[in-house]
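*Asks:* According to the UniProt record's numbering, the residues represented by the sequence shown are 1 to 151, in order.
These aren't lab readings, by the way, just hints derived from the structure by calculation.
Hints may be right or wrong, so weigh each one.
[As the list claims (entries may be wrong)] Label-pair distances were calculated between CB atoms; the ranges are:
(1) E100 to P19: 21 to 29 Å
(2) T4 to R34: 15 to 23 Å
(3) Q90 to G9: 17 to 25 Å
(4) A70 to R104: 14 to 22 Å
From a predicted model like this one, the values you see are computed outputs, not experimental measurements.
Cβ atoms here follow ideal geometry from the backbone N, Cα and C, with glycine treated the same way.
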Amino acid sequence: MGETPARTGSAPTTSTDGPHRQVDQIAPPELWGRLIAAVFALPDVVEGHSQVSPASSRAVFLTDREVESAPERSLAPGRRLEPVHLHGVQDTSTHLVLPEARGRELTDLGWAEPHGYADFGTEFMVYGPRDEAELAVVLGIVEESLAFARE
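I would like the entire structure built from these sequences, with the hints used as guidance.
*Replies:* Structure, rendered in structure tokens:
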């Protein structure tokens, strides 16, 4: 993967109480739908109900690994491996796990922020894409998370 560009503009507003969600700069519904379709078209993933997020969220489960190699590689440690969940169309952000240093880098570049309920420092919120270029970046970050979960 090439170098991640900085996200333009200000960071969106996110909730200060649970659940951790994005409250403005929401992805347009069509773009959000394309993100969902692209994520679930990735190899060896399947959609399911999140074990830790509201019912409107879509969990990304791996077909080739059901148990995490370490708890910091899942949003639902001790349960089925859930490295990513995508929030609903009213939010459009994504929660996922990444190596802590990479998550901090994405935070510095304006793409992410630490998860509001992080246990390990590997849990991040990635903001919903606002345009085609951002869709490609967010999809790439999801792919990074899935690779991290498989390590």
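*Asks:* Compare the structure with each hint and give your call.
*Replies:* Status of each hint after checking the structure:
1. E100 to P19: 21 to 29 Å: holds, 22 Å
2. T4 to R34: 15 to 23 Å: holds, 20 Å
3. Q90 to G9: 17 to 25 Å: Cβ of Q90 to Cβ of G9: about 21 Å, so the range 17 to 25 Å holds.
4. A70 to R104: 14 to 22 Å: The hinted range 14 to 22 Å holds for A70 and R104, with Cβ atoms some 19 Å apart.
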